[in-house]
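These protein sequences, in sequence, are chains A and B. Throughout the first sequence, residue numbering follows our numbering, covering 1 to 333 in sequence. Throughout the second sequence, residue numbering follows our numbering, covering 1 to 570 in sequence.
It should be emphasised that the hints constitute simulated quantities derived from the structure, not laboratory data. The reader is advised that the hints may include incorrect statements.
Unchecked claim - Just so you have them, the derived chain B footprint on chain A, three or more residues with Cβ under 8 Å: (1) 135–142; (2) 304–316.
Unchecked claim - In silico EDC-like pairs for lysine to aspartate or glutamate, Cα to Cα no more than 20 Å straight-line: (3) B:Lys456 - A:Glu46; (4) B:Lys456 - A:Glu52; (5) B:Lys337 - B:Glu461.
None of the values given here were measured: they were computed from a predicted structure. Cβ atoms here follow ideal geometry from the backbone N, Cα and C, with glycine treated the same way.
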Amino acid sequence: MFAYTIRRLLMLIPVLLGMTLIVFSIVHLIPGNPAQVILGETATQEAIQQLEQSMGLNESFFTQYGFYLADLLQGDLGSSLRTKSDISHEILPRIAATFELTFFAMLFAIIIGINAGIISAWKQNSWLDFAAMIFALVGVSMPIFWLALMEQWVFAQELGWLPSSGRQPSTGQIEPITHFYVIDAILHWDFDRLIQVLSHLVLPAVALGTIPMAIIARMTRSSMLEVMKSDYIRTVRAKGSGQFLVIYKHALRNATIPVLTVIGLQTGVLLGGAILTETIFAWPGLGRYVYEAINHRDYPVIQSGILVIAFLFVMINLIVDLLYAFIDPRIKY
Amino acid sequence: MKLKFSFLVAMLLTLFLVLAACGGDDGEDSSSDSGSSDDGQSEEQSGNDGEESSESESGDEASSGDGEDILVYARGGDSESLDFASTTDGESSRVTKQIYESLLDFEKESFEIKPGLAHDWEVSDDGLTYTFHLEEGVTFHDGTKFNAEAVKTNFDRWSGADDTYAFEDEGYAYSMYGTMFGGFDGDEGHVIDSINVVDDHQIEFQLKRPLGFFLQNMAMSYFAITSPAALEEHGAAINENPVGTGPFKFVSWERDNQIELEAFEDYRKDGQPKLDGVVFEVIPDNSSRLIALNSGEVHIMDGLNPDDAAGVEEDDATTLYTRAANNFGYLGFQTEKEPINDATVRQAINHAINREEIAEAMYAGYAQPAVNPVPPNYLGYNDELELYEYDLERAQELLAEAGYEDGFEIDLWTMPVARPYMPDAETVATIIQSDLSEIGVSVNIVREEWAPYLEKTAAGEQEMFMLGWSGTNGDPDYFLSSLLHGDNAGSSNRSFYQNDEVDELLDQAKVATDQEERAELYKQTQEIIYEDSPMIPLVHSEPVLASLSSVQNYVPHPSTSESLAEVELE
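Make a model of the complete structure from these sequences and hints.
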């Protein structure tokens, strides 16, 4: 398994290099000169030229790519054209913000999704099954921005139970250590703060977790139905095991493999694709960072941002692959 | 057995929901003391008194209970940079206006000039020498002294006369300086000849030729004074470590999230600022931002949807503001192309467009139909001219006169982005399309990405197009010369309008130093433009914003950057 992990990690290098070239080319094919976009309609010709020069945009495509790659190999993600700050310095808090949100969204999705899937498989064709699957269908086709706004309106404005946006109250912010505010609050040993941070997580996590929740529920159901029909389950039943043990001890473990795949993929998707949720809940995450960069034609940020997202995606897939072996000892690498 | 299991699952679900809900309730209670700067104390308190104390502290979320008045200002986007001179971003100057001060300042609700860091100033009769008398005893936030040398250091930095702090290699460029002062050191158009430090509190600007709006420029937040010591200390990182003389001091900045400022105790005006601090928070979505206001999480929100304005006004808990118009959206003509090279055709189109309808439909009434390509209340705004009447018969007559009784086909380019002067260009284009079909002109709507849109319209590829202009220094020259002076054809003059008479009037007005004389010249210019119709001004929009009713003395400035020094929380 160790050798396998190393091999997978080494394979990352050509994958990521190829990605940089593709992303770099695509980004430069987007019509529109970043200097023009940054300066807007009131820009003078001279100002645009001056800015192009100071941003190094008057160099050829390959020169620009060469510079970018050379910096990247030294571990330098470059600096933003728009804010002039180091991207590595800008991107870390955003990765943390996105991870935290994704973690809680997936926690919500997994707990509700797997249990809903189990119930509907177990009570196949009962009203519970139909209810759970209609719930899942609604979830999977829910427009997230609508759900998010409704959540804000009901729970923040009308009921006043939960804060509507941001990661923590605006005033008196936490001193960041890891930028994972939940962890930071614990490190500061500040439980009021921990509760505040968690309360800010509830609405966006539910909004973001709804679609994965529905997908997981459907996958669990079909996977469980298949496993429940297998011979070994019949044997377990024949031995007189109770239904609960049959499902949670014997069936679930084998039904988990495809569900795990879905969980891994969905986690990857959420890491980079949570733009809508991050926008509506003012969550300063990775998706919004890249999205803003695209709007401003901030080439280095687009490139490095996508690179980081791709890296995270690949890493999560690796972790999922390794988890297979733990769940099913028959799988060996 | 079966029953037991479903019971267990139900319990699990309930547990999760309860946990979630609990988190919410407690969050409400404890966030009220979040304003306390003394975390240790509040922790101790809740430790001793348990639940009671956290309940008794509950209250309004945004205003903190411990005597600290911290205002939370919510906006749609983050600042690009806190180095005001190297950006043209309005979200940046909104914040730097609190940290920095310029030699002069604008009045609260207009672009009239009042003293800033200079309490007095003189202009020589030839309009070539400006002498500023600076406030004494002013210190920067880092404790260093503000003096004439500091002013010179800043201007030399922007003009390139001294590049110690220009940071060109780090990608810094000072485009607003170039636009406002006609270029940079060594350029022919650069208007500043030399800057002389007379003594510690007196500085003299020598111009190459008079500039009618020099004082207006000096009041812009783009030309505020940074501490030279801070430039030395932070270098190119000055954009993240601003040090000025303004009412608020920079504390921290978390990108795309919030910028935190605190009151500067040694501010030169006694009793100001009234707040203990300001937090600028980013909430990108307009509706979410309004929800955050309504639930008391923020005090002021910019960028209200005009459709939501009525609700804000009705609600006792919130106050509605309108920002005075400082822009206009227009329908432009590429005046070198047929048939719109003919002024009669342009007038015909002018008569066929129903501006009242556009103002009502697009801005829920928070816009005025525009007559001139200058905002009202500007110096020399010509209020004798009246709106081109919406009159289809007259339009058709004019078309016939020009030889187009059967109409013609024409392209209309539509901008793809929302701007304050044009929140939804696509819809306005559709209205124009249907208006013009009434007089037999069939309009093809052309769409283009924003950057190519700007590049191609500057190159003159369009026929009719939509765009607008926003003011910065409050001077009509910035509107009229940029948009309609022949010299700017092919850059900001996308109408390619060339009229010698207009050019001459604008040139005269630019160098005149008597403001009444300038006003007269601009009035004449507007008359010619009115007749010639190289563009059709559509509306001046009046952006709306909202605050909680506890916010006092907040006055939105037309430039979008207002000082919060006098704002109070009840």
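A quick look at each hint next to the structure:
1. 135–142: violated (count 0)
2. 304–316: violated (count 0)
3. B:Lys456 - A:Glu46: holds (16 Å)
4. B:Lys456 - A:Glu52: holds (18 Å)
5. B:Lys337 - B:Glu461: holds (10 Å)
Comparing the model with each numbered hint stated earlier shows that hints 1, 2 do not hold.
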